[in-house]
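K.L.:
Listed here are the chains, written in short residue letters.
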Amino acid sequence: MSKGLEGNDNRGARELGAEEKVGWDEVTQGVVLHSFVGESKNAAFLKPEERVYNDFNSYTATVASWRIIKPIYNRDICIDCQNCWVWCPDTSIISRDKQMLGIDYDHCKGCGVCVEVCPTNPKSLLMFNEAADNDAELENWPVKEKKAK
Amino acid sequence: MAKEFELNEVEVWDGNYAASQALRQAQIDVVAAYPITPSTPIVEGYGAYVANGYVDGEFVMVESEHGAMSGCVGAAAAGGRVATATSSQGFALMTEVLYQASGMRLPIVMTVVNRALASPLNVRGDHSDMYLGRDSGWIQIDAFNAQEAYDLALCAFRIGEHLDVRLPVMMHQDGFTTSHKAQNVYPLKDSIAYEFIGKYIPVDDMLDFSRPVTHGAQTEEDWHYEHKAKQHKALMDSRTVIDDVFADFKELTGREYKRVESYMMEDAEVALVLLGSSVETAVLAAKQLREEEGLKVGVVAPRCFRPFPYDLVRDALDVSSLKAVCCLDKSAPGGAMGALFNEVSAAAYSTKARPMMTNYVYGLGGRDFAVDEAKRIMKEQKAHADAGHITTDIQQFSGLRGPKLGFFKTRRD
Amino acid sequence: MTEIRWHSRAGQGAVTGAKGLGSVVATTGKQVQAYALYGSAKRGAAMNAYNRIDDEPITNQETKMFPDFVFVIDPALAFSDDITKNDKPDTQYIITTHLSKEDLIAQIPALQDKADRTYVVDCMQISLDTIGRAMPNTPILGAFMKISKMYELDFFLENMKKVLAKFPQKIIDANMDAITRAYNEVK
Ligand code: SF4
Ligand code: SF4
Chain R
-3 MSKGLEGNDN
7 RGARELGAEE
17 KVGWDEVTQG
27 VVLHSFVGES
37 KNAAFLKPEE
47 RVYNDFNSYT
57 ATVASWRIIK
67 PIYNRDICID
77 CQNCWVWCPD
87 TSIISRDKQM
97 LGIDYDHCKG
107 CGVCVEVCPT
117 NPKSLLMFNE
127 AADNDAELEN
137 WPVKEKKAK
Chain C
688 MAKEFELNEV
698 EVWDGNYAAS
708 QALRQAQIDV
718 VAAYPITPST
728 PIVEGYGAYV
738 ANGYVDGEFV
748 MVESEHGAMS
758 GCVGAAAAGG
768 RVATATSSQG
778 FALMTEVLYQ
788 ASGMRLPIVM
798 TVVNRALASP
808 LNVRGDHSDM
818 YLGRDSGWIQ
828 IDAFNAQEAY
838 DLALCAFRIG
848 EHLDVRLPVM
858 MHQDGFTTSH
868 KAQNVYPLKD
878 SIAYEFIGKY
888 IPVDDMLDFS
898 RPVTHGAQTE
908 EDWHYEHKAK
918 QHKALMDSRT
928 VIDDVFADFK
938 ELTGREYKRV
948 ESYMMEDAEV
958 ALVLLGSSVE
968 TAVLAAKQLR
978 EEEGLKVGVV
988 APRCFRPFPY
998 DLVRDALDVS
1008 SLKAVCCLDK
1018 SAPGGAMGAL
1028 FNEVSAAAYS
1038 TKARPMMTNY
1048 VYGLGGRDFA
1058 VDEAKRIMKE
1068 QKAHADAGHI
1078 TTDIQQFSGL
1088 RGPKLGFFKT
1098 RRD
Chain E
18 MTEIRWHSRA
28 GQGAVTGAKG
38 LGSVVATTGK
48 QVQAYALYGS
58 AKRGAAMNAY
68 NRIDDEPITN
78 QETKMFPDFV
88 FVIDPALAFS
98 DDITKNDKPD
108 TQYIITTHLS
118 KEDLIAQIPA
128 LQDKADRTYV
138 VDCMQISLDT
148 IGRAMPNTPI
158 LGAFMKISKM
168 YELDFFLENM
178 KKVLAKFPQK
188 IIDANMDAIT
198 RAYNEVK
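Chains as they are written, first to last, in my numbering: chain R, -3 to 145; chain C, 688 to 1100; chain E, 18 to 204.
This is chain R alone, in the form it adopts within the complex:
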């Protein structure tokens, strides 16, 4: 452990789930970080939640606390165009078989890009304060904007 050393406190490690900091004899050769624990030949055919990610894989870390605003997703309007999935810089749009399912709030950093690229009217994704209640906001979703002539 990093006893008495402030240079690298444990905060980042805790977020990554790697609290035990090992010594020089145990770190990997060449700073490689293995994505999965053990054998992982079929990882490509598994959904993320079924894979055995390593502690150092960012999938196991959450950065939810960094977010100040968050996107909320409205299934009723969405046309499954996949724009948000393509553009999200943090792969935080969950989509299966070309169907948009929602937002991965553990990894979404609240940048708002998905909202920008959503083509529906009204948008199927909108940004709200982090503390906003999803159900309440979905109740009050804006209605279609008429194009001004």
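Misleading hints may appear alongside valid ones.
[Claimed, not checked] Listed next, the in silico DMTMM-like pairs over lysine to aspartate or glutamate satisfying Cα-Cα at most 20 Å (straight line):
1. E:K183 <-> C:E696
2. E:K178 <-> C:E731
3. E:K183 <-> C:E731
4. R:K17 <-> E:D98
5. C:K974 <-> E:D99
6. E:K183 <-> C:E693
7. E:K178 <-> C:E698
8. E:K179 <-> C:E698
9. E:K47 <-> C:E691
10. E:K179 <-> C:E696
11. R:K17 <-> E:D99
12. E:K105 <-> C:E731
13. C:K1091 <-> R:E22
14. E:K183 <-> C:E698
15. C:K974 <-> E:D98
16. C:K1039 <-> C:D1080
17. C:K1091 <-> R:D21
18. E:K183 <-> C:E691
19. E:K178 <-> C:E693
20. C:K974 <-> E:D72
21. E:K179 <-> C:E693
22. E:K102 <-> C:D1059
23. E:K47 <-> C:E731
Since the hints were derived computationally from the structure, they do not count as laboratory data.
Add chains C and E with the ligands to chain R, keeping to what the hints say.
P.N.:
Frame of chain R; chains C and E with the ligands shown alone:
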């Protein structure tokens, strides 16, 4: 005309801001620079002075650090006062051009904010980049805090541009520990700072059309060696100019700098030799150990890393009571003893006392250097002194997790 | 030597606050250090800022400190950060929260035996009311002046005005209100 910048008698500046203010006061003709953590604020700050009318010179945006140093070389050969700033990977990318700058005898000033070199990628401070520059033919001066980053940046122009020197100068400070830590800084007024540095005197400038010159000529076995020898002599001889500039600076400000700083060495039995911001921590540790345990500890810090002050390091260590000296290197030595250890040992070899010499690698990638750790290392030196021989491996690692790592022992029969 | 550790999120102004405090202190002839340690330099990520204040030049360049004061300027960090790290028997805690001191301490095991040296003040609400956005960095200094008695409030306000001089008058006034309110409201 550049506007004057209102400064208070005491400011709270970090090392980056202090260096950028010194660059502004030097009224540089051309700054060509590329941003990189942790020296970015120097470039950023300077850009703001240009935009706000505090600087008359040019700020040249380039595509890389290689481009930055190339731009500096061109502008300096043209006859301008030139400066830049960089760190780490940027420094590494410049390396090819660093040798050109010194070989062409162009007095460029570069404020380097020391940072680790990848891999692993790391933005924190260690001395890897400073060490990378040690054979490049530049003068290398080391600031231990923000005030010194300001003072020594001013001195750097005077030293490099001196007609007997005409060599580029790096002014180093530690990434984050100095560059991002605000402390009390007592700046000079613009006019006084500029007067101290003086007007730039071009030498063999390409823009002097009455005397056209070629810069950067090729030489093979018939000429190369002589030019390199002449350059080396200029670097060695810069020692007296550095001393003179420091003396003038003391007269102006009361703040004293030496090519080798030494603290409490008069009666020291053990000593630490190190560079950068850790010097201050080590001096604090030594004072505390003297008070708490009566241990006679001293600290020696080469302020001038190049030209290496072999003479003054020897003088500092030529203390009859001195028994054990530990040199601390803040750069991964890559299969050798630390560079500071090697160079200081060479100087110590010619002292009468010939103290026992050991080496610690420490602080890599910004690992914190604690007062307590400094004390522990000092006490370990005392143990060597008491035992009459080195009781540990000669090269060890401070603040490293994992089993004890060490190399080489003194041969004892 | 007085040592202060700030617990903040990047973007909440802890570094500006630490430097602001440093600038005020420096004008009174004291020596200061103000620095920060980022885990990840992204807005919203937890970070620490630090101050050292002394009458003599400060040469300790070690990052770690054993703080005399801990400022927690983000309410959530009181729960998620190790705020009592390197604690001394007389370390004092000034924590931004909307909770009462009792309710806060009841929820933070590490503070159980430290009620007599824990202080609360709602710098978030104060800054929203006065400055118009969540900027807890200046009000916390008002609370600090009350607890530490380092300077008289008026003296501190006067000097802080100079530090903020480059801002529009409206913002300076709002900050003065925020500092004064926190000074009066800290419990
Ligand atoms: S807000 Fe940004 S990070 Fe979050 S889901 Fe949308 S695009 Fe991705
Ligand atoms: S961009 Fe909008 S419409 Fe398209 S999939 Fe995403 S949420 Fe649905």
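K.L.:
Would you mind marking each hint as holding or not holding in the structure?
P.N.:
Against the structure, the hints come out as follows:
Simply put, E:K183 and C:E696 have alpha-carbon atoms about 18 Å apart, close enough for the 20 Å limit, and the pair holds. As the CA atoms of E:K178 and C:E731 are separated by approximately 26 Å, the hinted pair breaks the 20 Å bound. For the hint linking E:K183 to C:E731, the alpha-carbon distance of about 19 Å falls within 20 Å, and the restraint holds. Proposed proximity of R:K17 and E:D98 is supported: the alpha carbons are some 18 Å apart, at most 20 Å.
At roughly 32 Å between alpha-carbon atoms, C:K974 and E:D99 are farther apart than 20 Å, so this suggested pair is violated. Distance check on the hinted pair: E:K183 and C:E693 sit about 12 Å apart at the alpha-carbon level, within 20 Å; holds. Between E:K178 and C:E698 the CA atoms are separated by roughly 15 Å; this keeps the pair inside 20 Å, and the hint holds. A hinted pair counts as satisfied when its Cα atoms are at most 20 Å apart, and E:K179 with C:E698 qualifies at roughly 12 Å.
As the CA atoms of E:K47 and C:E691 are separated by approximately 27 Å, the hinted pair breaks the 20 Å bound. The suggested pairing of E:K179 with C:E696 holds, with an alpha-carbon distance near 14 Å, which does not exceed 20 Å. For the given pair, R:K17 sits about 17 Å from E:D99 by alpha-carbon distance, which is consistent with the 20 Å threshold. With a CA separation close to 40 Å, the supplied pair E:K105 and C:E731 exceeds the 20 Å bound.
Taken as a hint, the C:K1091 and R:E22 pair is honoured in the structure, with Cα atoms around 13 Å apart against an allowance of 20 Å. Simply put, E:K183 and C:E698 have alpha-carbon atoms about 15 Å apart, close enough for the 20 Å limit, and the pair holds. With a C-alpha separation of about 34 Å, the suggested pair C:K974 and E:D98 falls outside the 20 Å cut-off, and the hint is violated. Among the hinted pairs, C:K1039 with C:D1080 is inconsistent with the structure: their alpha-carbon atoms are about 24 Å apart, more than 20 Å.
Taking the CA atoms of C:K1091 and R:D21, the gap is near 10 Å; set against the 20 Å cutoff, the hint holds. Among the hinted pairs, E:K183 with C:E691 is consistent with the structure: their alpha-carbon atoms are about 17 Å apart, no more than 20 Å. A hinted pair counts as satisfied when its Cα atoms are at most 20 Å apart, and E:K178 with C:E693 qualifies at roughly 17 Å. Restraint check: the Cα-Cα separation between C:K974 and E:D72 comes to about 17 Å, which is no more than 20 Å; the hinted pair holds.
Between E:K179 and C:E693, the direct Cα distance comes to roughly 13 Å. Compliance with the 20 Å bound is thereby established for this hinted pair. In summary, the hint linking E:K102 to C:D1059 is supported, as the alpha carbons are separated by about 17 Å, within the 20 Å threshold. Pair hint E:K47 plus C:E731 does not hold up; C-alpha atoms about 29 Å apart against a cutoff of 20 Å.
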